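Peer 1: Chain by chain, the residues:
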Amino acid sequence: MKFISKSNMANLLLSAGLMFTMLSGQALAGPKVVSGPGALPSCFAPWAKDTTFLQWEKRKGPYKIAVVNGFVGNSWRIQMVQTVKAYVEQPEIKAQISEFKVVSTGTDVAAQLGAIEDFINQGYDAIITIAVSPAGFDRVIRIADRNNVILVPFDNILDTTDVMMVNENQWQMGEMAAEHLIKYAGKSGKVLEIRGLAGNTVDRDRHLGFRSIMEAAGNDFDIVEVVGNWDDGQAQKVAADALAIHGKFMGMYVQGGSTGAVRAFMDAGHDFVPVAGEAENGFRKLIAKHAKDGLIGLSMGQTPGLGAISVKAALSALAGNKMPQLIAIPIPFVDHTTLKDGVNYWADLDDNFFTANEFPACDVNISAVDIMAQTKEDSH
Amino acid sequence: MINLRLWGSQNWRLLLAIVIFALIYGSYSYMHPSGGTNRLFVQNANEIFVLVMVSMAQTIPVLTGGLDLSVGAIMTLTNTVASEVVNGSPSEILLGIILCLVVSSLCGFINGCIIVFGRLQPIIVTLATGAVFMGLALFIRPSPGGNVDSDLSFAMTFDLNEIFLTYKWPLPTWFESTVGLIPTPLVLILIVVFAIWLPFRSSVTGRGCYAIGSSMGAAYMSGLDVDRSKIAAYTLSGLLAGIGGLYLALQTGSGNADVPQAGAYTLNSIAAVVIGGTSLYGGIGGVIGSIFGAMSLRSISFNFRVFDADGPLGFIADPLLQPLFEGTILLLAVSIGAASVFRIKNRLKLFG
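Chains as they are written, first to last, in my numbering: chain A, -17 to 362; chain B, 15 to 366.
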């Protein structure tokens, strides 16, 4: 063991003091870029081969963690919030967290940036967020780094490589939808594409991924594009309009609001066609019921459990583990052949429930029933 | 000598707005672990700035008895323009800033001209032009992004010290620990008030805006140039909304033609004007009240971040109930301003 003399000790203290002033002053702290592999790769899989790894200084728990949601007002967001709340109540997670807060800031980017900065100023250790806009976070990232706070955008992520982010590969999801339609409906004909909320990365990437396969050489599709804003009511309306104008489609890709979109086909007396859609319980119920009539469905989920997995990723980073800068969660999907009541859809639960919630690889297992219980308690 | 009683009776709406703000913001700073520090003031000043500017922009047309539904769109359009032009060498940046302010003033000027020369209702005109401005913004910036000078961005969104540090100017020590701690956005608001609003209000054109709002017929018969005042009101409104949009570009380092956000700013600006004590019928109030109105409005949601979720009032902090409570508090704040009707002796006065 090395002996530290008094003068060395004084030097150490001095440099520690200097370090402190630097941290509280101008110097940028934040993560180091390191080489992999990272912790728990089966859950925190790097997005691509060239994804870098980030490492923060290990610090002592329990931690203060905040979730800064953007707008609240569709069932996915509500379920996301409920899932995170249920997750941090689990005993082994609860032991690691001293304070936990969730706020929703609406669609205003200034309000969201302010809320993130506020939690930094309150001394929180990690902040999980769904970004309102893919750009505009540079300033708040600099402040987070200055204060050594871990910022984890998920779902709608940022166009940056400076923070750790968690998502499912939306591009790949679009590709899977295209492959499903080509497999079951052929290489040509009229296809309906119902897009999501304009202007964010999820909608853009799913759309571009879908088009990259559909418009590849050898295919001859006539794609009718409408916007359903990931909402059952709106998707049903625009699908009905498209059916009224175009008469007949041989397949459909709907980014969200799939139950409504399929209902529009049924209401119009249109034949069932191959459909790729989201993971709403209602959509899966319809596939289970009508697969034999031709509703060849692929249902893949942007899981509301992403928030819970992001909390887990933040805890892992706070413990000093190496983490991929961009984490890809495996895409949970089922098709008409693999649906099973009580396992990946629930015939007796609400249509609006998002089915993909269990991630054994991440040790995040919050069953449908747990979340519904949480929802019910809160509405009383 | 100023007659305090008279001043109070003429400005009770402003005083009320200040009290509402002090209550809402006070409870937040009290509960916040960094309450009262320069860091928190800087953060809050940043959060309120854009809404303060847009609310000031809304106030002036409201004073003339109109309403401007395009303030959010002008703010957004300027934001997207700024994300294209506010970069490069210092002179290019300066030119870019001037261009942004010219564009936004021009938008307001167009509003004013259509309203005056088209003899149309402001609410319809600005609804239409707002859609046009939003379309232009989407055309300039179909997807969020852009390039805003990062030094300027950092310098303007912290305290005055940061300006010196960013540009490596010598920083006097007395300054660093006193004036230097003042958040830059607050200084910018003061500059706008003293350099733009107060001179305008004391000018004939500015007083004309109040006169038109009180009674357009009387203003016209008194020989005031009604058209000039109205056009000036909308132009100035455009300029102020533009300052907001420019600042948003600095704050986010980018531009974003975000349609829901533009709508939210327009609606919130009207709420801020009302909390600030400006009458929607026109003729009464001023932008200073709206500054406090906007700050109160923003501070409501600040409180959700510091509320103890396990405390007796923890249910207020439920993320799914936050919009409900935000709306309720807003309704209360607006109602306090209307409480004076209880003191009215004759109901006919309500129509006067």
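These are calculated hints, taken from the structure and not from any lab test. As the structure is a computational prediction, the values presented were derived from the model and not from experiment. Don't take each hint at face value.
Unchecked claim - From the derived model, a few chain B residues whose C-beta atoms are all more than 10 angstroms from chain A: (1) Val64; (2) Gly79; (3) Tyr279; (4) Phe318; (5) Arg319; (6) Leu334.
Said to hold, decoys possible - Computed spacing ranges between beta-carbons, pair by pair: (7) B/Leu113 x A/Ala77: 53 to 61 angstroms; (8) A/Leu190 x B/Tyr181: 53 to 61 angstroms; (9) A/Asp253 x B/Leu113: 55 to 63 angstroms; (10) A/Gly215 x B/Ser41: 37 to 45 angstroms; (11) B/Leu120 x A/Asp345: 56 to 64 angstroms; (12) B/Trp188 x A/Lys40: 36 to 44 angstroms; (13) A/Ile227 x B/Leu120: 46 to 54 angstroms; (14) A/Lys271 x B/Leu113: 56 to 64 angstroms; (15) A/Ile227 x B/Ile112: 42 to 50 angstroms.
Here a beta-carbon is modelled for each residue, glycine too, at the ideal position from N, C-alpha and C.
Peer 1: Against each hint, give a clear statement of whether it holds in the structure.
Peer 2: Here is how each hint holds up against the structure:
1. Val64: violated, 5 angstroms
2. Gly79: holds, 29 angstroms
3. Tyr279: violated, 7 angstroms
4. Phe318: Contrary to the label, B/Phe318 does not stay out of reach of chain A, its closest Cβ about 5 angstroms off (not over 10 angstroms).
5. Arg319: The assertion about B/Arg319 is violated, with a minimum of 5 angstroms to chain A.
6. Leu334: At roughly 6 angstroms from the nearest Cβ of chain A, B/Leu334 sits no farther out than 10 angstroms, so the non-interface label is violated.
7. B/Leu113 x A/Ala77: 53 to 61 angstroms: holds, 56 angstroms
8. A/Leu190 x B/Tyr181: 53 to 61 angstroms: 41 angstroms Cβ-Cβ, so the 53 to 61 angstroms window is violated.
9. A/Asp253 x B/Leu113: 55 to 63 angstroms: Cβ of A/Asp253 to Cβ of B/Leu113: about 56 angstroms, so the range 55 to 63 angstroms holds.
10. A/Gly215 x B/Ser41: 37 to 45 angstroms: holds, 38 angstroms
11. B/Leu120 x A/Asp345: 56 to 64 angstroms: Holds - the Cβ-Cβ distance for B/Leu120 and A/Asp345, about 58 angstroms, lies within 56 to 64 angstroms.
12. B/Trp188 x A/Lys40: 36 to 44 angstroms: holds, 41 angstroms
13. A/Ile227 x B/Leu120: 46 to 54 angstroms: With a Cβ separation near 39 angstroms, A/Ile227 and B/Leu120 fall outside 46 to 54 angstroms, so the hint is violated.
14. A/Lys271 x B/Leu113: 56 to 64 angstroms: Given a distance of about 60 angstroms, which is inside 56 to 64 angstroms, the answer is holds.
15. A/Ile227 x B/Ile112: 42 to 50 angstroms: holds, 48 angstroms
Comparing the model with each numbered hint stated earlier shows that hints 1, 3, 4, 5, 6, 8 and 13 do not hold.
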